[in-house]
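Undergrad: Residues per chain are reported as follows:
Protein chains: 2
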Amino acid sequence: MSTAISIFDTTLRDGTQGEGISLSADDKLKIAKKLDDLGVHYIEGGIPGSNSKDIEFFKRVQELGLQAKIVAFGSTRRKDSIAAQDVNLQRILESGAQAATLVGKSWDFHVHTALQTTLEENLSMIYDSIAFLKQGGMEVIFDAEHFFDGYKNNPEYAMAVMKKAEEAGADWLVMCDTNGGTLPHEIREIVTMLQSQITRSQLGIHTHNDCELAVANSLSAVQAGARQVQGTINGYGERCGNANLCSVIPNLQLKLGYDCLDIEKLNQLHNTARFVSEVANVNMPVNQPYVGNAAFAHKGGIHVSAILRDSRTYEHIAPELVGNKQRVLVSELAGQSNVVSKAQELGITLDPSSDEARGVISRIKELEHQGYQFEGADASLELLIREAGGEVKEMFSFESFKVLVEKTAGRPVVSEAFLKLNVAGTSVYTAAEGNGPVNALDNALRKALSQYFPALRDMHLADYKVRVLDEKDATAAKVRVLIESKNYEDVWSNVGVSENVIEASWEALLDSFRYALLEAPTPKNDQAELTHHGLVNH
Amino acid sequence: MSTAISIFDTTLRDGTQGEGISLSADDKLKIAKKLDDLGVHYIEGGIPGSNSKDIEFFKRVQELGLQAKIVAFGSTRRKDSIAAQDVNLQRILESGAQAATLVGKSWDFHVHTALQTTLEENLSMIYDSIAFLKQGGMEVIFDAEHFFDGYKNNPEYAMAVMKKAEEAGADWLVMCDTNGGTLPHEIREIVTMLQSQITRSQLGIHTHNDCELAVANSLSAVQAGARQVQGTINGYGERCGNANLCSVIPNLQLKLGYDCLDIEKLNQLHNTARFVSEVANVNMPVNQPYVGNAAFAHKGGIHVSAILRDSRTYEHIAPELVGNKQRVLVSELAGQSNVVSKAQELGITLDPSSDEARGVISRIKELEHQGYQFEGADASLELLIREAGGEVKEMFSFESFKVLVEKTAGRPVVSEAFLKLNVAGTSVYTAAEGNGPVNALDNALRKALSQYFPALRDMHLADYKVRVLDEKDATAAKVRVLIESKNYEDVWSNVGVSENVIEASWEALLDSFRYALLEAPTPKNDQAELTHHGLVNH
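As they're listed, the protein sequences go chains D and X. Going by the working numbering, 27 is the number at position 27 of the first sequence; the sequence numbering is gapless. Going by the working numbering, 416 is the number at position 416 of the second sequence; the sequence numbering is gapless.
Derived from the structure by calculation, the hints contain no laboratory data. Treat the hints with caution; some may be incorrect.
Copies of one chain are not kept apart here, so a pair can be met inside one copy or by any two copies together.
Claimed, not checked - In silico DSSO-like pairs for lysine-lysine, Cα to Cα no more than 27 Å straight-line:
1. LYS164 <-> LYS59
2. LYS152 <-> LYS325
3. LYS152 <-> LYS255
4. LYS59 <-> LYS478
5. LYS342 <-> LYS486
6. LYS486 <-> LYS53
7. LYS33 <-> LYS325
8. LYS420 <-> LYS402
9. LYS164 <-> LYS265
10. LYS393 <-> LYS447
11. LYS402 <-> LYS447
12. LYS163 <-> LYS34
13. LYS30 <-> LYS342
14. LYS163 <-> LYS255
15. LYS478 <-> LYS402
16. LYS33 <-> LYS164
17. LYS402 <-> LYS33
18. LYS30 <-> LYS163
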């Protein structure tokens, strides 16, 4: 049996059913391009019968000249009607897509309850619709909705549905676990059974993650004979999502030896996952398998000293295979080997026995004791390590700020910040408003600096987190603020700690700007090397 | 073979290895109590040999009188030493825990590379350490690190390790997929093999999610004979996390018929998952299987009309079984019965069809839509319900505040609040300093009111939490503040939401004082019933 697996991406169709996921036609085109670069075989773009956005997508995607087959999605014809007169089927034919996914019922309960028609009419709907699109010259993928629930309830009928679809000429029979409630051993048994009955069509699998088993179920189906896997990037999709292709693909390819993507393209997986999450405007979970930022991150001291000897001790694959990388998290649980290897990662040689190394390690320990946490604040850690090596040239110095928040009953709150900096020997005094006090400070800082450093205009804050450290002290407790910043090329994170939420935020904010300016050219009216009055040291 | 499965929770130990997860001793005690209410069988609390926080946990957890067995974690003795003289093993014995998890090597490669000792010495380390703790009267759970990788590399040695542990008297032999790289079919084969060789000890499974297969691997092991499952709430843990007990438990219990929790406790799963995520201050993914907010959410259209006919059409289980609920994203149907039963709890009869009931329900829905959450803010909910019944007599009204935060380089930050209230017809203008802006407001409010309401002197804030709601908007995002207040008799919680952290804190603060004054006598110079200008309505 062939080991070639067709990867069918439905991020643009089933993925957009996920809560909080919404893609414009432009977004869809960008993602389609990226998926094609990755080398997936099928890209399901949407439902041409449903809205103008999808019709636009199918028109414009043809101009991109992609390698992947573009797929249009729709249902079998309406009950008691004629396929050739079905508007949705006509739209699929007219979409310009090379292939069509047709979804039909295979669970007798659904035929009665949802379609409210007879089992016989449902078979005709399936046959007619597939035959119509095949006559139109399309490749047809039949998605048998609720196939596993259907098989468990009425195996004869579920098999009859598949045989009817095969008879109508479907190229692919895809078994859908629509409700996501089926277990891997059931998938294995049922796919094996179907495999023994079908001769012409190929089999595919489409799973959902309601039992946290979508990936396992996809593997199970492939091991039992399925040769197409439908899923989405990052597992986006309705309820708990679809099978996550970012896990399915490396599992099949690296662990089980199937051919999914060109092997030299697999290392674009991490990059693709990030890109799609950016376009969809959804945060990627740090702990996402294979492609998450923490997927190859090591925290414990013993683990770190072992991976420094041999990374296979605590890594199931080499992270580079999927385009990810090893990260060493610095935390109180770990020791000096973490800091040294972090420096190495930054291209700085730090002799563990040197004064610099001992200095920065004891500084980090002291800060961690005060409540700082560097595992989520790589840029703050990098600043500390580079400072220890005398590598940081301060581009400006802080003099003072005032923040004023005013609220009068029945009126909106007003937040203002007044900020004094010294940039290149010149005193800069700025004021700005904001949605809140931290936003006002952010605005003032950007305003003050971007006249000297135009590149800062491309930088923006992407994430802001507040954690109260010792909650028992309530409003007098210390807070830790984490800020994530971005520009076109990079993402970096900084931390600040104080009993005062404004001061903690300011500290993280200031360091995020300092980090952004690490490689900046010195501004013109430079008169002297400036000293940075870090808030960390007050 | 018995269908009873021991649920071993390691949220407090392995869970804290996850990036961004950090728990104080207090947090750990709260979570232990909650896990015990859920009915897990083992609660692994930490590493008594590693730090004072964990030693404190083991001391204080004994005072809670939990049903679950408390477990202390540690490694086998150091190489070339004596178990009885091993400080970490002594600390485990002294911890007061009933059971110990001992982790040992079963992969020959790790014995050479990480431990840097002989295969023979590793066997002795395992034997000695287990025997030492058994002699000390503890139940011993042997966690065989990298068992599956070890078995694949050198099956004889991996088996020798397990036999040695059994011989030393280990009650449980737990097979760990430490790197998370093993597939379900491999788990099945290897567990079956071990099961055939072991007679006295029982088998357990401990998996990691690096291939997005931790849940599937746990099921596979149980189906092959394992009778203990180790995992964490919400799957927290190193890299991609541990097996998620919130998915493992319902899969085993509802789908495969194993006995895990008392069946009447399974519906606390959703609530437990939320609680742990709140204490850990980590957002729960909406699409988390079984317990996520979107796990049973249905977007408009065909799915909704089908589930209104019969929810089995698109739901693999009844959501109530795990304490979750169906959500229809277009038309909000839930909530009303909750509010009515909450009112009942407060001794207020609320006729669901009355204008008051409809009013308060639509108000709560509107506030929830804005980001309020009343699950952790009972006092705010009570104020809303009592307001709807016209039961709240406002003791003071808010006029205005100004908050000023000033920072000059090299000097400590200064926070001041200026507050104007009207109490009993008299304008009260106060100023106060604080550690931070919210503390200054808290001090000003207490100062202004306690001259009229001396009972407020006994009240203090016990807990303060900040949650950024839409992190992508960074410093312009909405924040939700939760404040817990206390006096000698009572504990209550309030919520505030705003784009401005000061305003959100103020709102929660103000309501916590309003709640404290619900039963207070009207102050002496009362002239007229006062109106409260709630910040909620601005």
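Undergrad: Run every hint past the structure and note whether it holds.
TA: How the hints compare with the structure:
1. Within a single copy, LYS164 and LYS59 get their C-alpha atoms no closer than 32 Å, and across copies no closer than 67 Å, so neither meets the 27 Å cut-off.
2. In this assembly of identical chains, LYS152 and LYS325 lie within 27 Å of each other by CA distance solely across copies; the values are 26 Å between and 43 Å within a copy.
3. Taking identical chains as interchangeable, the C-alpha atoms of LYS152 and LYS255 lie at most 27 Å apart only when they sit on different chains, with a minimum of 13 Å there against 30 Å within one chain.
4. For the identical chains of this complex, LYS59 and LYS478 are inter-copy neighbours only, at 26 Å across copies versus 40 Å inside a copy, given an alpha-carbon limit of 27 Å.
5. In this homomeric assembly, LYS342 and LYS486 come within 27 Å of each other (Cα to Cα) only inside a single copy, at 21 Å, whereas the closest approach across copies is 45 Å.
6. In the homo-oligomer, the alpha carbons of LYS486 and LYS53 lie at most 27 Å apart inside one protomer (25 Å), although the nearest pairing across protomers, at 36 Å, exceeds that limit.
7. In this assembly of identical chains, LYS33 and LYS325 lie within 27 Å of each other by CA distance solely inside one copy; the values are 24 Å within and 38 Å between copies.
8. When the C-alpha separation of LYS420 and LYS402 is checked against a cutoff of 27 Å, the pair qualifies both within a copy, at 9 Å, and between copies, at 21 Å.
9. For the identical chains of this complex, LYS164 and LYS265 are neighbours neither inside a copy (38 Å) nor across copies (46 Å), given an alpha-carbon limit of 27 Å.
10. For the homomeric pair LYS393 and LYS447, the shortest alpha-carbon distance inside one copy (21 Å) is at most 27 Å, but the shortest distance between copies (47 Å) is not.
11. Within a single copy, LYS402 and LYS447 get their C-alpha atoms as close as 16 Å, and across copies as close as 24 Å, so both meet the 27 Å cut-off.
12. With identical chains, the CA atoms of LYS163 and LYS34 are never at most 27 Å apart, being 36 Å at best within one copy and 52 Å at best between copies.
13. In this assembly of identical chains, LYS30 and LYS342 lie within 27 Å of each other by CA distance solely inside one copy; the values are 24 Å within and 35 Å between copies.
14. In this assembly of identical chains, LYS163 and LYS255 lie within 27 Å of each other by CA distance neither inside one copy nor across copies; the values are 33 Å within and 29 Å between.
15. Taking CA atoms no more than 27 Å apart as the test, LYS478 paired with LYS402 passes in both settings, with 20 Å inside one copy and 22 Å between copies.
16. In the homo-oligomer, the alpha carbons of LYS33 and LYS164 never lie at most 27 Å apart, since the shortest distance is 35 Å inside one protomer and 56 Å across protomers.
17. Taking identical chains as interchangeable, the C-alpha atoms of LYS402 and LYS33 are never at most 27 Å apart, the minima being 41 Å within one chain and 44 Å between chains.
18. Proximity of LYS30 to LYS163 under the C-alpha cut-off of 27 Å is found in neither arrangement, the shortest distances being 38 Å within a copy and 56 Å between copies.
Hints 1, 9, 12, 14, 16, 17 and 18 from the list above are not met by this structure, while the remaining hints are.
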